[in-house]
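In this text, residue positions in the sequence shown follow the numbering used here: the first is 798, and each later residue adds one.
FYI, nobody ran anything at the bench for these hints, they're computed from the structure. Incorrect hints may appear among the rest.
[Unchecked claim] Listed next, with one range per pair, are the computed distances between beta-carbon atoms:
id : residue 1 : residue 2 : range
1  : 833       : 859       : 34 to 40 Å
2  : 889       : 832       : 39 to 45 Å
3  : 906       : 868       : 24 to 30 Å
4  : 803       : 857       : 26 to 32 Å
5  : 871       : 899       : 19 to 25 Å
6  : 820       : 891       : 20 to 26 Å
7  : 805       : 875       : 30 to 36 Å
8  : 806       : 856       : 17 to 23 Å
9  : 914       : 805       : 35 to 41 Å
10 : 890       : 849       : 24 to 30 Å
11 : 803       : 888       : 35 to 41 Å
All C-beta atoms in this analysis are idealised placements derived from N, C-alpha and C, irrespective of residue type, glycine included.
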Amino acid sequence: MTRLALITGGTRGIGAAIARRLQQDGCRAAVIYRGNEVAAKAFRDATAIAADPWDASDFDACFNMMAAVDPKVLEGVVAQIPVGRLAQPAEIAHAVAFLIDEQSGFITGSTLSINGGQYLI
(Lines of atoms letter the chains of each structure in order from A and count residues from 1; the text may use other names and numbers.)
(Lines give C-alpha, C1' and ligand atoms only; values in the text may rest on other atoms or scores of the structure.)
Protein backbone atom coordinates (compact mmCIF):
# COMPACT_ATOMS: atom_id res chain seq x y z
CA MET A 1 0.00 0.00 0.00
CA THR A 2 1.28 3.45 -0.88
CA ARG A 3 1.63 5.80 2.05
CA LEU A 4 0.71 9.37 1.21
CA ALA A 5 1.04 12.45 3.41
CA LEU A 6 -0.21 15.97 2.75
CA ILE A 7 1.60 18.50 4.89
CA THR A 8 0.10 21.95 5.36
CA GLY A 9 2.53 24.83 5.55
CA GLY A 10 5.14 22.39 4.39
CA THR A 11 7.58 24.51 2.39
CA ARG A 12 9.48 25.91 5.39
CA GLY A 13 10.36 25.11 8.98
CA ILE A 14 8.75 22.17 10.74
CA GLY A 15 6.47 21.36 7.81
CA ALA A 16 9.41 21.11 5.40
CA ALA A 17 11.34 18.93 7.85
CA ILE A 18 8.35 16.60 8.19
CA ALA A 19 7.90 16.37 4.42
CA ARG A 20 11.59 15.60 3.88
CA ARG A 21 11.61 12.95 6.61
CA LEU A 22 8.48 11.25 5.33
CA GLN A 23 9.91 11.22 1.81
CA GLN A 24 13.15 9.72 3.19
CA ASP A 25 11.10 7.03 4.94
CA GLY A 26 9.45 6.04 1.64
CA CYS A 27 6.22 7.95 2.00
CA ARG A 28 4.84 9.87 -0.96
CA ALA A 29 4.66 13.43 0.34
CA ALA A 30 3.04 16.59 -0.99
CA VAL A 31 2.80 19.99 0.64
CA ILE A 32 0.46 22.93 0.45
CA TYR A 33 1.35 26.48 1.32
CA ARG A 34 -0.21 29.89 1.43
CA GLY A 35 1.47 32.79 -0.27
CA ASN A 36 5.24 32.34 -0.32
CA GLU A 37 5.92 31.23 -3.90
CA VAL A 38 9.68 31.88 -3.60
CA ALA A 39 10.01 29.49 -0.64
CA ALA A 40 7.76 26.95 -2.38
CA LYS A 41 9.85 26.99 -5.55
CA ALA A 42 13.06 26.58 -3.55
CA PHE A 43 11.49 23.67 -1.66
CA ARG A 44 10.27 21.98 -4.88
CA ASP A 45 13.67 22.43 -6.53
CA ALA A 46 15.55 21.04 -3.52
CA THR A 47 13.28 18.07 -2.79
CA ALA A 48 11.22 17.22 -5.90
CA ILE A 49 8.22 17.12 -3.55
CA ALA A 50 5.02 18.59 -5.01
CA ALA A 51 4.14 21.96 -3.46
CA ASP A 52 0.91 23.69 -4.36
CA PRO A 53 -0.73 26.90 -3.14
CA TRP A 54 -3.89 26.36 -1.12
CA ASP A 55 -6.08 28.40 1.16
CA ALA A 56 -8.00 26.01 3.40
CA SER A 57 -10.23 28.89 4.51
CA ASP A 58 -11.64 29.17 0.95
CA PHE A 59 -14.78 27.05 1.34
CA ASP A 60 -15.70 27.13 -2.35
CA ALA A 61 -12.23 25.96 -3.41
CA CYS A 62 -12.32 23.12 -0.87
CA PHE A 63 -15.82 22.09 -1.94
CA ASN A 64 -14.88 22.18 -5.63
CA MET A 65 -11.74 20.14 -4.95
CA MET A 66 -13.79 17.42 -3.25
CA ALA A 67 -16.43 17.53 -5.98
CA ALA A 68 -13.70 16.95 -8.58
CA VAL A 69 -12.47 13.69 -7.01
CA ASP A 70 -13.04 10.79 -9.38
CA PRO A 71 -16.03 8.79 -8.06
CA LYS A 72 -14.06 5.53 -8.31
CA VAL A 73 -11.29 7.02 -6.16
CA LEU A 74 -13.87 8.20 -3.63
CA GLU A 75 -15.46 4.72 -3.58
CA GLY A 76 -12.03 3.25 -2.78
CA VAL A 77 -11.56 5.69 0.10
CA VAL A 78 -15.02 5.03 1.54
CA ALA A 79 -14.46 1.27 1.25
CA GLN A 80 -11.55 1.63 3.70
CA ILE A 81 -13.64 3.44 6.33
CA PRO A 82 -15.24 0.97 8.76
CA VAL A 83 -18.40 3.07 9.23
CA GLY A 84 -18.83 3.01 5.45
CA ARG A 85 -19.14 6.74 4.72
CA LEU A 86 -17.41 10.09 4.83
CA ALA A 87 -17.89 12.37 7.82
CA GLN A 88 -20.63 14.97 7.84
CA PRO A 89 -19.47 18.54 8.47
CA ALA A 90 -21.59 18.69 11.63
CA GLU A 91 -19.72 15.69 13.05
CA ILE A 92 -16.39 17.47 12.65
CA ALA A 93 -17.87 20.68 14.07
CA HIS A 94 -19.15 18.78 17.11
CA ALA A 95 -15.65 17.49 17.87
CA VAL A 96 -14.17 20.98 17.53
CA ALA A 97 -16.85 22.41 19.82
CA PHE A 98 -16.06 19.70 22.36
CA LEU A 99 -12.35 20.51 22.33
CA ILE A 100 -12.78 24.25 22.73
CA ASP A 101 -15.45 24.00 25.41
CA GLU A 102 -14.39 25.32 28.82
CA GLN A 103 -15.22 21.94 30.36
CA SER A 104 -12.54 20.35 28.15
CA GLY A 105 -9.78 22.49 29.70
CA PHE A 106 -7.86 19.50 31.03
CA ILE A 107 -7.50 17.99 27.55
CA THR A 108 -4.14 19.17 26.23
CA GLY A 109 -1.62 17.79 23.78
CA SER A 110 -4.07 15.20 22.48
CA THR A 111 -5.02 13.98 19.03
CA LEU A 112 -8.69 13.37 18.38
CA SER A 113 -8.98 11.16 15.32
CA ILE A 114 -12.24 11.81 13.53
CA ASN A 115 -11.97 9.21 10.81
CA GLY A 116 -14.76 6.66 11.15
CA GLY A 117 -12.26 4.09 12.36
CA GLN A 118 -10.20 4.26 9.14
CA TYR A 119 -7.00 4.17 11.12
CA LEU A 120 -6.08 4.16 14.76
CA ILE A 121 -3.21 6.06 16.38
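Hints, verified against the model:
1. 833 - 859: 34 to 40 Å: Violated: the Cβ-Cβ distance is about 20 Å, outside 34 to 40 Å.
2. 889 - 832: 39 to 45 Å: Distance hint for residue 889, residue 832 is violated at roughly 25 Å.
3. 906 - 868: 24 to 30 Å: Since residue 906 and residue 868 have Cβ atoms about 39 Å apart, the given range 24 to 30 Å is violated.
4. 803 - 857: 26 to 32 Å: Because 20 Å falls outside the window, the suggested range is violated.
5. 871 - 899: 19 to 25 Å: For residue 871 and residue 899 the Cβ distance comes to about 38 Å; the hint is violated.
6. 820 - 891: 20 to 26 Å: This hint is violated: roughly 35 Å between Cβ atoms.
7. 805 - 875: 30 to 36 Å: 23 Å, violated
8. 806 - 856: 17 to 23 Å: 19 Å, holds
9. 914 - 805: 35 to 41 Å: 24 Å, violated
10. 890 - 849: 24 to 30 Å: With Cβ atoms ~26 Å apart, the hint holds.
11. 803 - 888: 35 to 41 Å: At 21 Å between Cβs, range violated.
Taken one by one, the earlier hints fail for this structure at numbers 1, 2, 3, 4, 5, 6, 7, 9 and 11, listed in ascending order.
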